[in-house]
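Enquirer: Given the sequences, and given the hints that come with them, work out the whole structure.
There are 2 protein chains.
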Amino acid sequence: MKNYDIALVGFGNVNRTLAQIIGEDQERMAAELGFTLRVTGVIDLRLGAVIAPTGVDLSALLELEPGSTFAGLEGFRELSNEEFIRTVPADIVAEATYTNPADGEPAVSHVRWALESGKSVCTTNKGPVAFAAEELTRLAGERGVHFEFEGAVMSGTPVIRLAAGPLKGVGITGFSGILNGTSNYILGRMEAGLSQMAAIEEAQDYGYAEADPTADIGGSDVRLKVMVLAHELLGVRLASSDVATEGITGITAEMIEQARAESKRWKLIGTARRDTDGVVTASVGPRLLDDDHPLSGIRAATNAVTFHTRYLGDVTIAGPGAGRVETAYALLSDLIAIDAAERR
Amino acid sequence: MKNYDIALVGFGNVNRTLAQIIGEDQERMAAELGFTLRVTGVIDLRLGAVIAPTGVDLSALLELEPGSTFAGLEGFRELSNEEFIRTVPADIVAEATYTNPADGEPAVSHVRWALESGKSVCTTNKGPVAFAAEELTRLAGERGVHFEFEGAVMSGTPVIRLAAGPLKGVGITGFSGILNGTSNYILGRMEAGLSQMAAIEEAQDYGYAEADPTADIGGSDVRLKVMVLAHELLGVRLASSDVATEGITGITAEMIEQARAESKRWKLIGTARRDTDGVVTASVGPRLLDDDHPLSGIRAATNAVTFHTRYLGDVTIAGPGAGRVETAYALLSDLIAIDAAERR
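Note that the protein sequences, when read in sequence, are chains A and B. Using this note's numbering, the letters of the first sequence map in sequence onto residues 1 to 344. Using this note's numbering, the letters of the second sequence map in sequence onto residues 1001 to 1344.
None of these hints come from the bench; they were simulated from the model. Think of the CB as a built atom: it goes at the ideal place given N, C-alpha and C, for glycine as much as any other residue. Keep in mind that the hints are not guaranteed to be accurate.
Taking lysine-lysine and the DSSO-like style, the derived pairs with C-alpha atoms no more than 27 Å apart in a straight line are [said to hold, decoys possible]:
(1) A/Lys168 x B/Lys1168
(2) A/Lys264 x B/Lys1168
(3) B/Lys1002 x A/Lys168
Counterexamples of contact, computed for chain A against chain B with all Cβ distances above 10 Å [claimed, not checked]:
(4) Arg38
(5) Ala52
(6) Glu254
(7) Arg299
Expert: Encoded structure:
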């Protein structure tokens, strides 16, 4: 049976869960998918690196005591990310580190190094797609490898691949989405009577919101996702400054109350549309939706995208937008797509 | 550029719209999809048959006076459906006739004849998939051709291909859906204060409901779709008698009113789930959903399916479930899938 050797870059919740799935569900996956996965290297900023060409001992990695590093493990190496990514013996790099919202680094460089060294890449990072989609896609093509990034938007809920595959030819003219679960959760709790401050604190207690919730409630997280989707769905490259962006900080309890009295809801919507002249206009901001709008019923931390189309009118996909297992599945779905492309 | 010759079986709203799209959007489609389509034959029970190996004059067909047949047109033939399907010079048959809910005929035979004569098939009919999916899929494989049927459920909204492609490996354990737009429209109008009788009459006036609305409001239309989805999503073949089926005729204005008072909604839900022993249980019936249920917000004639999954929890796709253009796009999406398979 076909096997792919995988290197994990970043060993936080997402790649750790992918390693668990590979360790525990291997047999079921092989039967269902027709290929196996073997982890041959792992690197993490805090933990160090291990490389094992015949397969890393995943249980040793997953059972590390809190505070321990890879230092005592077989195959431990002292390598920079670049050295690791360029030299690790792997077919595919699973990149799950972080994105600087200004330039997408270090994720962009991680992806570039992997593709340059002839490895396919799957990533859950928005940065490489938002800032360097053309360069990295062209690079992958030149090296005969693959670059997949379903998890860049809505974790494992397939938006990008739904548009590229089952919706091909439908004529997508635009999209509108609820693309940040934290802000949607906060708006929902404000509808239940909480102040915005209390709702933010609750979201932080549940782990939905970061200690600094600015990117979530200020709209910049949604803006990056709008840039990714505009490129993937509408074929245009937008700069951050092309997306007029407003967050939910201006939404007051009174505004929420008045909206409910009129059977409406405030939602933070990221959208882009191509007009009849071919010009794409994009924005992020709070919008007042009627109760019968397809995005009005999206509750709690759920995400959703409505595709506006020529032949089907509006089609909406809703599902998780975050989560450990959900985001690890995004990487698994990328690996499945890479396998399908390899078999062609 | 690659071209496919298409034969249209049935020339009602759906194939007529497909012919319009092929006639009008050919250039855009060729640029976007990388192939062209040429209609080489059309047959319809009321209109007769035309065959033209170098391409039927579509505008002549589309501009026929009401009440006229194909008798005066170039290429007119007197042929049975079987003779036409077996002999028409075409790569692909687009089947859009009708399905007898008891045995799926005549659509099942149309598909069989086409596959037996070495033609790929796309169809919007539920019957061939609900009653003969294994036989027809095996037959297509033996002849090296393709059998596609996205339009059997939710018209062009891609449910079957979303599960088979972007959601591959997610572990679908069941599904719940609003699969009949007419009954959903009627329930919505009852929430607005109409009696069921008045809501049915209104749906008939708008063309949503047939003169005999039994299949829509009695649940048998949804049952067929549950059978199709159980086969495609869960890999099990259910008989009609395996699906406990109840319609919405028992839902009264009082029940609707009480539900709204409790922030709940009655919806006609078709569902199937695999339990931990691997047994699949399926049913169709009115269910009382909380306002935060992912199917509660599906309004008017929209359809939706929620996939219950191992890695993503619930993922919902919502879109049109009927309509002339929407169903013609289902056939176009099948043609795109056949082209993709041909290129492998």
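Enquirer: Take the hints in turn and mark each one as holding or not.
Expert: Outcome of the hint check:
With a CA separation close to 18 Å, the supplied pair A/Lys168 and B/Lys1168 stays within the 27 Å bound. Taking the CA atoms of A/Lys264 and B/Lys1168, the gap is about 36 Å. The hint is violated against a cut of 27 Å. Note on B/Lys1002 and A/Lys168: the hinted pairing holds, with a Cα-Cα distance of about 17 Å set against a maximum of 27 Å. The claim that A/Arg38 lies off the interface holds: its Cβ sits roughly 17 Å from the closest Cβ of chain B, which is beyond the 10 Å cut-off.
Every CB of chain B is more than 10 Å from the CB of A/Ala52 (nearest about 25 Å), matching its label as outside the interface. Distance check for A/Glu254 against chain B: the nearest CB is about 23 Å away, which clears 10 Å, and the non-interface claim stands. A cut-off of 10 Å between C-beta atoms contradicts the statement that A/Arg299 is not in contact with chain B; the least separation is 5 Å.
Violated hints, in rising order: 2 and 7; the structure is consistent with all others.
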